[in-house]
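Engineer: In order, the protein sequence lines correspond to chains F and G.
Numbering-wise (my numbering), the first sequence opens with residue 392 and increments by one.
Numbering-wise (my numbering), the second sequence opens with residue 81 and increments by one.
Since the hints were made in silico from the structure, they are not lab data.
Ideal Cβ positions, reconstructed from N, Cα and C, are used throughout, including at glycine.
One or more hints might be untrue.
Claimed, not checked - Reference listing, derived: stretches of chain F covered by chain G, where coverage requires no fewer than 3 residues with Cβ under 8 Å from a Cβ of chain G:
1) 463-474
2) 583-595
Said to hold, decoys possible - PhoX-like mimics (lysine-lysine), calculated; alpha carbons at most 20 Å apart, straight line:
3) F:Lys492 to F:Lys523
4) G:Lys216 to F:Lys523
5) F:Lys519 to F:Lys506
6) F:Lys492 to F:Lys506
7) F:Lys570 to F:Lys560
8) G:Lys216 to F:Lys492
9) F:Lys705 to F:Lys668
10) F:Lys445 to G:Lys302
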Amino acid sequence: MAEVVLRNLSKSYGDDIAVADMTMTIPDGAFVVLLGPTGAGKTTTLRLISGLEKMDSGEVWIGGRNVGNETPAQRDVAMVFQQYSLYPHLSVRDNLAFPLKSPILNTPPDEIERKVAEVSSVLQISHKLDNKATALSGGEMQRVSIGRALVRDPSIYLMDEPLSSLDAKLRTDLRVELKRIHASLGATLLYVTHDQIEAMTMATHVGVLDHGRLVQFGSPREIYENPNSLYVASRLGVPRINILPAGIFGNVPDGTDRIGLRPEHINQGSGQDAVIKRVEHLGDQARLHLNLQGHDITTIAAPDTDYQPGAHIKIEPRNPLCFDAQGNRIR
Amino acid sequence: MSSFSVTDPSPRSKWFAGTLVILYALITMVPLAWIMLTGFKSPSDAISYPPKVVFEPTLEGYVNLFTTRTRQTDEYLQANPPKTWYEEIVREYDMVIAGPSKFGERFLNSVIIGFGSTFLSIVLGTLAAYAFSRFKIPLADDLLFFILSTRMMPPIAVAIPIFLMYRQLGLSDTHLGMILLYTAVNISLAVWLLKGFIDEIPREYEEAALIDGYTRFQAFYKVVLPQAATGIASTAIFCLIFAWNEYAFAVLLTSGTAQTAPPFIPTIIGVGGLDWPAVAAGATIFLLPVMIFTILLRKHLLRGITFGAVRK
Chain F
392 MAEVVLRNLS
402 KSYGDDIAVA
412 DMTMTIPDGA
422 FVVLLGPTGA
432 GKTTTLRLIS
442 GLEKMDSGEV
452 WIGGRNVGNE
462 TPAQRDVAMV
472 FQQYSLYPHL
482 SVRDNLAFPL
492 KSPILNTPPD
502 EIERKVAEVS
512 SVLQISHKLD
522 NKATALSGGE
532 MQRVSIGRAL
542 VRDPSIYLMD
552 EPLSSLDAKL
562 RTDLRVELKR
572 IHASLGATLL
582 YVTHDQIEAM
592 TMATHVGVLD
602 HGRLVQFGSP
612 REIYENPNSL
622 YVASRLGVPR
632 INILPAGIFG
642 NVPDGTDRIG
652 LRPEHINQGS
662 GQDAVIKRVE
672 HLGDQARLHL
682 NLQGHDITTI
692 AAPDTDYQPG
702 AHIKIEPRNP
712 LCFDAQGNRI
722 R
Chain G
81 MSSFSVTDPS
91 PRSKWFAGTL
101 VILYALITMV
111 PLAWIMLTGF
121 KSPSDAISYP
131 PKVVFEPTLE
141 GYVNLFTTRT
151 RQTDEYLQAN
161 PPKTWYEEIV
171 REYDMVIAGP
181 SKFGERFLNS
191 VIIGFGSTFL
201 SIVLGTLAAY
211 AFSRFKIPLA
221 DDLLFFILST
231 RMMPPIAVAI
241 PIFLMYRQLG
251 LSDTHLGMIL
261 LYTAVNISLA
271 VWLLKGFIDE
281 IPREYEEAAL
291 IDGYTRFQAF
301 YKVVLPQAAT
311 GIASTAIFCL
321 IFAWNEYAFA
331 VLLTSGTAQT
341 APPFIPTIIG
351 VGGLDWPAVA
361 AGATIFLLPV
371 MIFTILLRKH
381 LLRGITFGAV
391 RK
């Protein structure tokens, strides 16, 4: 495992800027999650680190080595793709053994057998080892492709939304498993996801990308509680943060254009009068969809509340986040 | 089964389609059956009119195909009674076997040149197709069109310049010359067909292999080639059929050492003109390798002919 450092990394495709001047340090043993909408440059970042894509400018350092001129094989990275990653002409066993048999690793057969057995039992695919890769369900395929990364001991694991195609239960299981692997192996991971729970539960660091730029890098709590822009604030949080005009509750710092209110940062019982439009009971909590002076607001309430649509409720903010006209945080 | 189904044809249309296919198969197979049967006829049966469908089979044609024969004096014939079944057949015409004919040699030439040029076309074609499919090549479209354009004229249109070139280079009537020529004709088809097949293989597989510790060539060899096997097989069949059946260049450029079977077979002369049963026997044997090759690869061929037609 190793530290990975990106310095002023840039990559464009024609006029499309995929990654712009990105500088980031992935500490040894860290689990870094990249967040951002489609097209923000998450996947390109992974591909630049792996060497599948050639950078326009900048440097990639893996374990103190400038790998700019190295091939993907020489860089010693493992990558899990979002799809299409199993070799269809090989059995599950051969798929898992494929990286170990490479000329670079050239692992002895008994070692290959041991590692394949170990990884397949972790991922619960031992009984499918002799199947053809194409005879698996989508979830099994993705587990094998994660397994193909885990059989190795690379400098860094790069994972591109590896759990997005799995069903909810398997997702949860594998999330715990990945976290366990991270903790027990001390592995360094760079992980792309859209899923907030994956980001919050697994990451030691979260990097938020916007149009190829790294706009904030910090611990998941820091990103959630202390975002430095409106953009970052709206990346995390389900339901999403409520964005409201600055003056709606009065009393904000100078220059504030909009305020951001997390659903759980709204006190009920005093303040402004809002109308309840819809109530959703989620079991462990209830979601209230409110209307305040023409603005939609989502907040949460205890599961046993029996609010009815059309009823009125008083709300006031608790620690709102203030943003200027450009969307930057005012502290 | 009265319910309407979009995907299952009705029994009536199944019958109709089946009948059509059988009729078509019969029509295409009649000439083939004719040739194969003629190989077992005697020379007089072969040219009788109306044609004989029922006849007494003989291996005369095959014996004549593989041997050369000479007339002998009665004394010689009586002193040397026939020792083998094929000598007996020849003896009916007061002849003895003088030695093997050139058919075996010519057939071997066909095998060497046909399979050699197919192999070369496939090796070069696969590498070129891979490059066109995966790399950014300047003027790639123009190059591909240029490669295809070599197919736009009948190859024989350039027979004279090739004849002169080959004479100058000493390639006339050599195996190498014929292999190069057939490869040159086949390679455009090979590149185009194979590029289509390789385009269909997602590059994620190679990228995964690159990350898994393999070089690009190893990734090509271990990941792309096995998945392109279907395309390679069907392309190989197309190339082999062309090189195997080619007649015009073979007549023009070969006469001895490197002569292939197609120009040789029609020149088999028997008693009083062309020996039709021997020609038919030669054609039958000549058909076999391509037939066997095609049957062996037919699973791939079926997929190959319909490639691109069905997408997941």
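Engineer: Now look at each hint and say whether the structure bears it out.
Structural biologist: Against the structure, the hints:
1. Only when three residues or more bring their CB closer than 8 Å to a CB of chain G does the claim for the stretch 463-474 of chain F stand; here the count is 7, and the claim holds.
2. A count of 0 residues in the stretch 583-595 of chain F with a Cβ less than 8 Å from any Cβ of chain G is obtained; the coverage claim is therefore unmet, three being the minimum.
3. Among the hinted pairs, Lys492 (chain F) with Lys523 (chain F) is consistent with the structure: their alpha-carbon atoms are about 18 Å apart, no more than 20 Å.
4. Taken as a hint, the Lys216 (chain G) and Lys523 (chain F) pair is broken in the structure, with Cα atoms around 33 Å apart against an allowance of 20 Å.
5. Of the pairs offered as hints, the one joining Lys519 (chain F) and Lys506 (chain F) holds, with about 16 Å between alpha carbons and a cut-off of 20 Å not exceeded.
6. For the proposed pair Lys492 (chain F) and Lys506 (chain F), the alpha carbon gap of about 12 Å is at most 20 Å, so the pair holds.
7. Our distance criterion of 20 Å between C-alpha atoms is met by Lys570 (chain F) and Lys560 (chain F), whose separation comes to about 16 Å.
8. Proximity of Lys216 (chain G) to Lys492 (chain F) is assessed by CA-CA distance (about 30 Å); at most 20 Å being required, the pair is judged violated.
9. Of the supplied pair hints, the one linking Lys705 (chain F) and Lys668 (chain F) holds, its CA atoms being roughly 14 Å apart against a limit of 20 Å.
10. Simply put, Lys445 (chain F) and Lys302 (chain G) have alpha-carbon atoms about 24 Å apart, too far for the 20 Å limit, and the pair is violated.
When each numbered hint is compared with the structure, violations occur for hints 2, 4, 8 and 10.
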